[in-house]
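S.K.: So you can see what is in the structure, the chains are spelled out below.
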Amino acid sequence: MSRGFAAGAVVVLGACAGPTSASPPAAPDAIHLGPQGNVGQFVVQCAPSHAGFDDPILYPGQPGASHLHQFFGNPDIDAMSTSEDADRSTTSCDQRLDTASYWAPALLDASGDVVEPIDVVAYYRAAVGVDPASVVPYPQGLKMVAGDHRAVDPQPTTLVGWSCAPGRARSEAPPACTPRQELHMWVTFPDCWDGERDDSEDHRAHVGYSEEGACPPSHPVAIPQLDLAVRYPPIAADEVAGLLLASGDLTTAHADFWNLWDEAKLRREVDVCIHGDVVCTLGPG
Amino acid sequence: MPTTSRLALVLAASVVVAAGCGSDTNDSLPPSPTASASTSVAPSTAPPPGTGAGTTIGDEVGLPVIEALDVPADYPTIQAAVDEAGPGDLVLIAPGVYRESVTVQTDDLTIRGVERETVILDGDFTLDNGIFVSADGVAVENMTARNYTVNGFYWTEVEGYRGSYLTAIRNGDYGVYAFDSTKGQFDNSYASGSPDAGFYIGQCFPCDAVLDNVIAEHNGLGYSGTNAGGNLVIANSVFRNNRVGVVPNSGSYELCYPQRDNVIVGNLVYGNNQGDTPAIDVARLAQGNGILTAGGVDNVIERNRVYDHDRTGIALVPFPEEEARDDEPSQDEWDTTCAEQRTQPLADELPSLLLWDSWDNRVVGNDVSGSGLADIAVASVSTDLETLRNCFGDNVHDVSAPAELESLAPCDGAEPTEANWKAGTLDVGSWLAEQETMPESVDYQEAPLPLPPQLDNMPDAATAPPHPATDVPMEIDVDAIEIPERP
Chain Z
1 MSRGFAAGAV VVLGACAGPT SASPPAAPDA IHLGPQGNVG QFVVQCAPSH AGFDDPILYP
61 GQPGASHLHQ FFGNPDIDAM STSEDADRST TSCDQRLDTA SYWAPALLDA SGDVVEPIDV
121 VAYYRAAVGV DPASVVPYPQ GLKMVAGDHR AVDPQPTTLV GWSCAPGRAR SEAPPACTPR
181 QELHMWVTFP DCWDGERDDS EDHRAHVGYS EEGACPPSHP VAIPQLDLAV RYPPIAADEV
241 AGLLLASGDL TTAHADFWNL WDEAKLRREV DVCIHGDVVC TLGPG
Chain A
1 MPTTSRLALV LAASVVVAAG CGSDTNDSLP PSPTASASTS VAPSTAPPPG TGAGTTIGDE
61 VGLPVIEALD VPADYPTIQA AVDEAGPGDL VLIAPGVYRE SVTVQTDDLT IRGVERETVI
121 LDGDFTLDNG IFVSADGVAV ENMTARNYTV NGFYWTEVEG YRGSYLTAIR NGDYGVYAFD
181 STKGQFDNSY ASGSPDAGFY IGQCFPCDAV LDNVIAEHNG LGYSGTNAGG NLVIANSVFR
241 NNRVGVVPNS GSYELCYPQR DNVIVGNLVY GNNQGDTPAI DVARLAQGNG ILTAGGVDNV
301 IERNRVYDHD RTGIALVPFP EEEARDDEPS QDEWDTTCAE QRTQPLADEL PSLLLWDSWD
361 NRVVGNDVSG SGLADIAVAS VSTDLETLRN CFGDNVHDVS APAELESLAP CDGAEPTEAN
421 WKAGTLDVGS WLAEQETMPE SVDYQEAPLP LPPQLDNMPD AATAPPHPAT DVPMEIDVDA
481 IEIPERP
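Residue numbers (this note's numbering), protein chains in the order written: chain Z, 1 to 285; chain A, 1 to 487.
So here's chain Z without its partners, still in its complex pose (with noise of 0.2 Å):
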């Protein structure tokens, strides 16, 4: 067979400042592809949870102030929701003690209909290059912000893309799938972290991507990467050209994190996992 990348690790150029560069790049440098089993992980699928207009990141306390989002994990989680006073009693994911908050434009068919998404697959990792043993947890009530809501041209697919499996090359718009593979979006959520923040006035400046394996020293914190993927149900040929995201064209398409794992848990499942390079769990092939 012709081969041209190192298994489980393929590297795609994204539009990152050089590595001398004082702060952290906008997207990822290279993303994990190619078949599991070769680099430690932990694999949590959610099912949707419920959908509405808030944005409990970027407006919180302003309910209906959003577009559309689907919301995953969680079920409590909206506008007014705080870390301190979030329920963390139930989940949608099958970490029965994931009780964090993911969630994601909704997608829209030609029609303007939501396109209900099947699960998110929430794939946590070191980041390509990144040492697992220097990796922490995420702090506490962590919020993150990874894609572009506003984007007007195409996102570097190492920071969002499409895909009709998981470990292919992502594209930046969705392919045809057969009538047996769902639909990915993928968001890749930023890996380092300045250490002090859980959150910062643009919702991104207190996380960043690390570069050919480092992370900045303003952000010098390695925390897992988390490789989100919305999954929908296959959509014929004809009808992908018309989909579109709650916050407009596929151009903005983004997601959001807000860790309220339970706090040993997710200790446990980044050192037994990520520190130990040990597959914990596989996501759907």
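Read the hints as simulated data drawn from the structure, not as lab findings. One or more hints might be untrue.
Just a sample of chain A residues kept apart from chain Z, beta carbon distances all over 10 Å, derived [said to hold, decoys possible]:
(1) Glu157
(2) Gly172
(3) Leu355
(4) Ala419
(5) Thr437
(6) Asp471
(7) Asp477
Label-pair restraints from in silico Cβ distances [stated by the list, open to error]:
(8) A:Pro448 with Z:Ser111: 37 to 45 Å
(9) A:Asp124 with Z:Ala65: 34 to 42 Å
(10) Z:Ala176 with A:Ser430: 21 to 29 Å
(11) Z:Pro179 with A:Asp460: 52 to 60 Å
For every residue, glycine included, the Cβ atom is placed at its ideal position computed from N, Cα and C.
Dock chain A against the given chain Z, drawing on the hints supplied.
M.R.: Leaving out everything else, chain A in the frame of chain Z:
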């Protein structure tokens, strides 16, 4: 050094057995508090007399004394004992319902229940794995894991593992599972009610592993092994009333493809048409087959008794992988070990559809009957069947697909006496469309399950010395194994 109690051989055994047998301990115990977060909660019952610390009768009567970390007598939870134990230690668990998820990161432990049926780990459909092992040489023996959202018993990335006298019921992915692990053994164990496989060994070549004397029923798949082989023997076991029985399979969604070199011998495989089980998609796709290689290479399937299947008894078929993560290794790469393959680069261009054919398999001396489509079969959707080099011989059977298969593809270099590969072929391509007509998966939390059969307790469980998984797999005399009788 861990704090250990000194468990006497003779007296402890008699007392423990008396305390554990003859009643449904699960029901008789007061319910344990539900575990919250990652805290583990021990059973609220007192330990049976005789297993607590300070029971040192063994040396008083001149018998050797076993050092054991007793749960709950000395440690309130299994996790607490495991965390305290050092390599070579024995963690010995008294009857009770343990609502915890145990992580094992210490090599060469033996973790044992004193009685299989009454030492119960219960995930309450909340906790993920019953026992999760990422350390080498760990043996888990003589206990039950039920109601976990992921796996009952799981080893990952280890060298040396053994699961003996285990019962896994109603777990959300697999019952008893080893991934990316070598030198292992599952024996005398039982698994039911998982949507994926009751027993699974995945991503290893060579695996150096044995499944011996296990029973899998009412799972999506009785046994599944993705990309697992190389000195992997599946013997003397029962796979019944699953959606599909025994399924070695290939796919590039995990490493170590293709699946190669299993010996499947002396098994009783019947009634794998069960439509009321939990089931992943592949289980619905493959429903109604006994032993099915789905893109398997160089397997030996011999002296099994296989009967009552809606589709086939023993079939060698392709696995269609859409959106593959790599392309198929060429045949001159089939001796590549898993360790070598993981360092190789991926293909530049990935196929949108990869059809993993079944090559070089040997199907001999089986007794196959009662199959809806064919007792023995080989099929492909892309390759001429005669080029796949599979062979069939000395199988008791009725219909084959293609017809006269043993004459078309005899073993041991014999000349074929038939040449028409087109008569009576198996339309395996139609199975994709038929998947949607198969009964829907039933929620694993609610699927009807049979009561387990009478299952053996580990002999001398309360008194046997620790036995870490450093001498696995067991030696198995494949040639001496005969076709099992019908039950």
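S.K.: Is the Cβ of A:Asp471 farther than 10 Å from every Cβ of chain Z?
M.R.: holds (24 Å)
S.K.: Hey, is A:Leu355 genuinely clear of chain Z, shortest beta carbon separation above 10 Å?
M.R.: Answer for A:Leu355: holds, closest chain Z Cβ roughly 14 Å.
S.K.: A:Glu157: least C-beta distance to chain Z exceeds 10 Å?
M.R.: violated (5 Å)
S.K.: Could you check the hint for me, namely that Z:Ala176 and A:Ser430 are 21 to 29 Å apart, CB to CB?
M.R.: Given a distance of about 24 Å, which is inside 21 to 29 Å, the answer is holds.
S.K.: A range of 34 to 42 Å was offered for this pair. Does it hold for the Cβ distance of A:Asp124 and Z:Ala65?
M.R.: holds (39 Å)
S.K.: Is the distance from the Cβ of Z:Pro179 to the Cβ of A:Asp460 consistent with 52 to 60 Å?
M.R.: For A:Asp460 against Z:Pro179, whose Cβ atoms are near 56 Å apart, the range 52 to 60 Å holds.
S.K.: Indicate whether the distance between the beta carbons of A:Pro448 and Z:Ser111 respects the range 37 to 45 Å.
M.R.: holds (42 Å)
S.K.: At 10 Å, judged by beta carbons, does A:Ala419 keep clear of chain Z as stated?
M.R.: Per Cβ check, A:Ala419 is outside 10 Å of chain Z; nearest 33 Å; holds.
S.K.: Does the claim that A:Thr437 lies off the interface hold, with its Cβ farther than 10 Å from every Cβ of chain Z?
M.R.: holds (15 Å)
S.K.: Would you check whether the claim that A:Gly172 is not at the interface survives, using Cβ distances to chain Z and the 10 Å cut-off?
M.R.: violated (7 Å)
S.K.: Does the no-contact call for A:Asp477 survive, Cβ to all of chain Z over 10 Å?
M.R.: holds (33 Å)
Of the numbered hints stated above, those contradicted by the structure are hints 1 and 2, listed in ascending order.
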